[in-house]
Structure formats: structure tokens, C-alpha cells
Amino acid sequence: MTDTSPANGKPAGPVIASGRASVRRRSIPGADYLVSLSAFVVLLIVWEAAVRVLRVPDFILPPPSAIFISLYYGLKSGLFIEHFFVTAFQTLTGFMLAAFFGIGLGALVAQFRIVERTVYPWLVALQTLPKIAIAPLIIIWAGYGIQSKVVIVALVALFPILVNTIVGLKSCDQGKLDLMRSLGATPWETFRLVRLPNALPFIFAGLNVAIVLAILGSIVGEFVGSKAGLGNLILEANFQFNVAQMFAILVILGVFGVTLSMVVRFIQGRLLFWNAGFSQSI
Amino acid sequence: MGSLSTVLKLSPTNSRSQASQDSSAVSLQNVSKTYSTASGEQVNALQKINLDIRSQQFVSVIGASGCGKTTLLRIIGGLEPEYDGDLLLNGNKRSGPTKDIGIVFQDANLLPWRTVLDNVLLPAHVLKLQIKQATARAYELLDLVGLKGFEAKYPFELSGGMRQRVAIARALVHDPSVLLMDEPFGALDALTREHMNLELLKIWQASKKTVFMITHSISEAAFMSDRVIVMSPRPGRIIEDVVIGLPRPRGLDLLSDAAFGNYTRRLRHLLDNGEDAPTIGSNAASGRVHYD
Chain A
1 MTDTSPANGK
11 PAGPVIASGR
21 ASVRRRSIPG
31 ADYLVSLSAF
41 VVLLIVWEAA
51 VRVLRVPDFI
61 LPPPSAIFIS
71 LYYGLKSGLF
81 IEHFFVTAFQ
91 TLTGFMLAAF
101 FGIGLGALVA
111 QFRIVERTVY
121 PWLVALQTLP
131 KIAIAPLIII
141 WAGYGIQSKV
151 VIVALVALFP
161 ILVNTIVGLK
171 SCDQGKLDLM
181 RSLGATPWET
191 FRLVRLPNAL
201 PFIFAGLNVA
211 IVLAILGSIV
221 GEFVGSKAGL
231 GNLILEANFQ
241 FNVAQMFAIL
251 VILGVFGVTL
261 SMVVRFIQGR
271 LLFWNAGFSQ
281 SI
Chain B
283 MGSLSTVLKL
293 SPTNSRSQAS
303 QDSSAVSLQN
313 VSKTYSTASG
323 EQVNALQKIN
333 LDIRSQQFVS
343 VIGASGCGKT
353 TLLRIIGGLE
363 PEYDGDLLLN
373 GNKRSGPTKD
383 IGIVFQDANL
393 LPWRTVLDNV
403 LLPAHVLKLQ
413 IKQATARAYE
423 LLDLVGLKGF
433 EAKYPFELSG
443 GMRQRVAIAR
453 ALVHDPSVLL
463 MDEPFGALDA
473 LTREHMNLEL
483 LKIWQASKKT
493 VFMITHSISE
503 AAFMSDRVIV
513 MSPRPGRIIE
523 DVVIGLPRPR
533 GLDLLSDAAF
543 GNYTRRLRHL
553 LDNGEDAPTI
563 GSNAASGRVH
573 YD
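Chains as they are written, first to last, in my numbering: chain A, 1 to 282; chain B, 283 to 574.
Just so you know, these hints were derived from the structure itself, not from any lab.
Among the clues, some could well be false.
Claimed, not checked - Here are the computed lysine to aspartate or glutamate pairs in the EDC-like style, where the Cα-Cα straight-line distance is at most 20 Å:
id: 1; chain 1: B; residue 1: LYS410; chain 2: A; residue 2: ASP173
id: 2; chain 1: B; residue 1: LYS381; chain 2: B; residue 2: ASP400
id: 3; chain 1: B; residue 1: LYS410; chain 2: A; residue 2: ASP178
id: 4; chain 1: B; residue 1: LYS381; chain 2: A; residue 2: GLU82
id: 5; chain 1: A; residue 1: LYS176; chain 2: B; residue 2: ASP389
id: 6; chain 1: A; residue 1: LYS176; chain 2: B; residue 2: GLU465
id: 7; chain 1: A; residue 1: LYS176; chain 2: B; residue 2: ASP400
id: 8; chain 1: B; residue 1: LYS330; chain 2: B; residue 2: GLU364
id: 9; chain 1: A; residue 1: LYS176; chain 2: B; residue 2: GLU362
id: 10; chain 1: B; residue 1: LYS490; chain 2: B; residue 2: ASP425
id: 11; chain 1: B; residue 1: LYS375; chain 2: B; residue 2: GLU364
id: 12; chain 1: B; residue 1: LYS435; chain 2: B; residue 2: ASP400
Claimed, not checked - Not everything, but these chain B residues come out facing chain A in the computed CB check (under 8 Å):
id: 13; residue: ASN391
id: 14; residue: LEU409
id: 15; residue: TYR436
id: 16; residue: GLY533
Positions of the beta carbon are idealized from the N, C-alpha and C atoms, including for glycine.
Required output: the full structure, derived from the provided sequences and hints.
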């Protein structure tokens, strides 16, 4: 890192090595997306052709056209929408509970030695437990309705947020803490002004993992026991060998997952613009 | 030491430092500090340090790594609450942090999520000062350290030297009478460092603070200071208190001056040979030096 020039991370200008190389490297905006999109279209065409030529039965692998038809009618009839809202509600509510308790509990563990001594070993032990394994138990306790799935989602999504919050709050640079101490700052002021903002990159790394796990928890929870939701609908389609509908629901879940992930990353980018180290990679 | 009189004369406008004419801004009496390491070994970091720093003096400390310089600064700054002996600040005994001190650390320690202005205002927030007045003062200080127009920038947009200047402005925003600096320019390259030395002298002359600065650089110490405290390695003791009788204001041409060369040679000699060094050039007339 150069110390004498403003380190804004932007190079002075593009370095043109030679005429041909620079022409070859110059990229049209969105060209990468165009390449991956056309690869996807090619895959769909090959898939469609292979299934038709080889006469693969629909209940083994339906052609993309059948999936799109199923998707279209599922959306048009409102069936997918209705179940989507159940799953989305469970996922988001569970995720928010996980974020609230993960950050809150993490703060208590990081700030108070007594809490750390009593609670932390148990949290570590619980973390190694596959949370999905207790899903049947939660269905028994909280019923077949939405509540049980919210609890499962919260439980599955809690740990990455909790652990990252604790690590983030503890990883504060001693120099910044000394600065606050030299000013006679209270523990609360140090927490609010230094420790918490300092932990935000870690917390967001946890949230990024947690949002993916939240959808997973929601669907698996519905598999274990539910009355509605996209996971419930997948099971139902499964029993009917309606593989095209299963694929159609997977498409919806994929779009849902990518959208949620992008929302978290968008907020992260807005809040953590100052953090040069945070990774944009998926 | 007639040339020092202008510097040592207490300014009547600064009421805080005027408890009595001969009171020191910082006074350490028989201050010792012992650490115990992880293996249970007792390390004598500081041994019976006696030091008086008069108001508005610029005092530097030099010494080998591990001689307890930083421990000394941390004790004065209230960051090391456990030590033996007495510490008086403007005549009052104290322990723990006080708002009459500003500290510049080796790293700028800026909060990357705050703008330059908000970083400078951090002490004002913590010390519950009037934000409106503090903001006006922060603008003045940023102007003083040459960062006018950078108020809304973020630390990642600044160079290392600029960040350290923000740290200096931050240390001064609550108008402390004492400024502690722990190798403030240690991480900077030689040219930036020289420039920062001149800037700091300018700031010191404008703000009239008592400055206690740790440095590794002999020439930096001699160039900036009224007195240079030379410390010995473990256990940390004061070997010599050298009064730098060079006229002020000082410019870079001083670096090639023969008198300046005498001082740096003497300081170098003291660092190499400890207390056996023969006295040349100056003597410790104004500083109260104690040997143990």
C-alpha cells in the first residue's frame, strides 16, 4: 500500500499494452452475462432435444417445455403464489428472528464474561448438532402450521449469525479500544461507536450464509410436516410423479434464493462501503 | 539557555496551566511498573522514573525497543492503571483517563466507517461536549493540519500521512493541555515524516500544548524538542535529560547546522554507551534529572 498517494483503489487509467491485446480485452458491458445466458439457452435446447429423441418418460426427466408449461399454469392458477407466500413468510420471519437473536445473543456473549462462561460452551455444542435432526421434535411441539417452520428456520439460520457476531465483536483492534479508553468511554459507548460497526463485516458474512440456510430450513421443515408451502407442494408433486411441477417449483425457489441473497448483499454494499476487504464473491 | 525562555514562558492566556507558576503539566514521581509474563516471570518495565514536564514544553523520549517508553506514555495517558509511584497532572494526582489529555497512537486508529470530520469529533461525542462548538473547532484543526476540504472523505480515501494528521486533529479537538504521541510518524516514509515534523511544530506553536512524544529517530527528537529524555533498556530508567538549546522557530536548514549535529551526536552517544557518556554541548540545566 502506498502511503503518499490517496489510496482510493482506482488506477490512473487503463494501461494499453498493445493494440491487438487491448482490442481483445475490451469488453462490452454485460457481455459476460450474455455468454452465460446463451450457454444456458444452449443447454435447454440440448436437454429438450435429448429428452424427445431418446424418448425419456416425463416422470424421469421432463423436457424444459413441460416445466415451463407447468410453471405457467401453476402461476396462473395462483397455486404456486399461494404456497410461495407461506414459504416466503416462514423464511423471512425465521431469518429476522435469527438475526435478532443471533446479533443480540452474540453481543451478550462478547460483552459479558459471565454469559460467555455459562452459555458459550453450550452454543458450541449445539452448533455441531445438525439442526434439521430436531425438526420432527419441533413439529411435535409447535404443530403442523407455520409456527413450527418459523422456529426451524430461526434455529438453522441462528448459528452462522451468532458465531460471526461473536468473532466480529471480539476481533476489535486494540488500538481503537485504547483510543476509546483514553477518552474515558463507557463500555456501552465503546460497543456502540467502535465494536458494533467494526463487527458489521463479520455479521453480514453470517447473514449471507444464514439467508441461504433459512430457505433450506423452510423447505426441509415443510418436508417433515406441513399443511402448505412450496416444500409441501414438492412432496405432493412427488407422490403424483409430477416431475415437471417439481422442477417448476425448484425454479421458483431458485429465483427466490437469488433475490434474497442479492437483497442482503445490496444492504451490505450500502452499509459497508468503507470496508475495502469485504468480498463480493458468491 | 536564554533561547528557551520564549518557549518555557507560560502564556497568561492559558488559565488551566496556571495553578502556580512553577507547577508542571505532567509530573512523575518514583513511577515504577512491573509486568508478570505468561510464564510467571517478573519484568521490570520501568524503574523509579522521576520526570517533570513544564507546561507547553515539547519533550521527546528516545531509547531502544523495550525500554518502557510506551509503558510510560500509557501510564500518563491513563491506559495503564496499575503502577507504583505518583502521577500528577497540572498539580493534581490522578489515575485513569482524563479529558485533559489527547493521545496520538502509532497507528492513526481512525474509525473507517466515519468521515474525517466525524473521526475528529469522536472525542467530543464521548466527552459530551457541545457538538456545534466542537464542529467549528474540528474545521479549524483540519485546516491547521492541512486537510481543509477533506472533511467529508472517508479514511480509505486518504494516504497514511493524511490519516495520521486526522489523528492529530482528533487528539486536539477537546482542547487538552497535554498531547501524548507514541511514535506518531513511525509508519511513514522519510520524506512524509520530515514534512509531518514541520507540520507538528507549526501546530504545537499555534496551539501551545505540552507535548510528550516517543520516537525512534534521534534527529526527529533533537529537531522538535525542548528536552530529549534518553532511556535505558530494561529496566527502563532515565539515563539523561538533554536540553536542546536550539532557537525557534526551527526549519529544515537546522538539520545541517553544526549545533544540531552536536546534539544528535550526543544523543547517539548516550544511546550507545548509557550513562557513562561524557557531557558535551549542553547540560541538563532546566530538567530535574534523577539517577537511581
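Going through the hints against the structure:
Straight-line distance between C-alpha atoms of LYS410(B) and ASP173(A) comes to about 24 Å, which puts the hinted pair past the 20 Å bound. Between the alpha carbons of LYS381(B) and ASP400(B) the distance comes to roughly 18 Å, so the proposed pair stays at or under 20 Å and holds. In summary, the hint linking LYS410(B) to ASP178(A) is supported, as the alpha carbons are separated by about 19 Å, within the 20 Å threshold. At most 20 Å may separate the alpha-carbon atoms for a hinted pair to count; LYS381(B) and GLU82(A) exceed this at roughly 61 Å.
Proposed proximity of LYS176(A) and ASP389(B) is supported: the alpha carbons are some 9 Å apart, at most 20 Å. Between LYS176(A) and GLU465(B) the alpha-carbon distance is near 16 Å, which keeps this suggested pair within the 20 Å criterion. Restraint check for LYS176(A) and ASP400(B): satisfied, since their Cα atoms lie roughly 15 Å apart, inside the 20 Å limit. A C-alpha spacing of about 14 Å is found between LYS330(B) and GLU364(B), which places the hinted pair at or below 20 Å, so the restraint holds.
The straight-line distance between the Cα atoms of LYS176(A) and GLU362(B) is roughly 15 Å, inside the 20 Å bound, and the hint therefore holds. Restraint check for LYS490(B) and ASP425(B): satisfied, since their Cα atoms lie roughly 17 Å apart, inside the 20 Å limit. Between the alpha carbons of LYS375(B) and GLU364(B) the distance comes to roughly 14 Å, so the proposed pair stays at or under 20 Å and holds. Using a Cα cut-off of 20 Å, the hinted pair LYS435(B) and ASP400(B) holds, with the two alpha carbons roughly 10 Å apart.
Because the beta carbon of ASN391(B) sits about 4 Å from the nearest beta carbon in chain A, less than 8 Å, this interface hint is met. For LEU409(B), the suggested interface contact is upheld, since its CB lies about 6 Å from the closest CB of chain A, less than 8 Å. The beta carbon of TYR436(B) comes within 5 Å of a beta carbon in chain A, closer than 8 Å, and the hint placing it at the interface holds. The beta carbon of GLY533(B) comes no nearer than 22 Å to any beta carbon in chain A, farther than 8 Å, and the hint placing it at the interface is violated.
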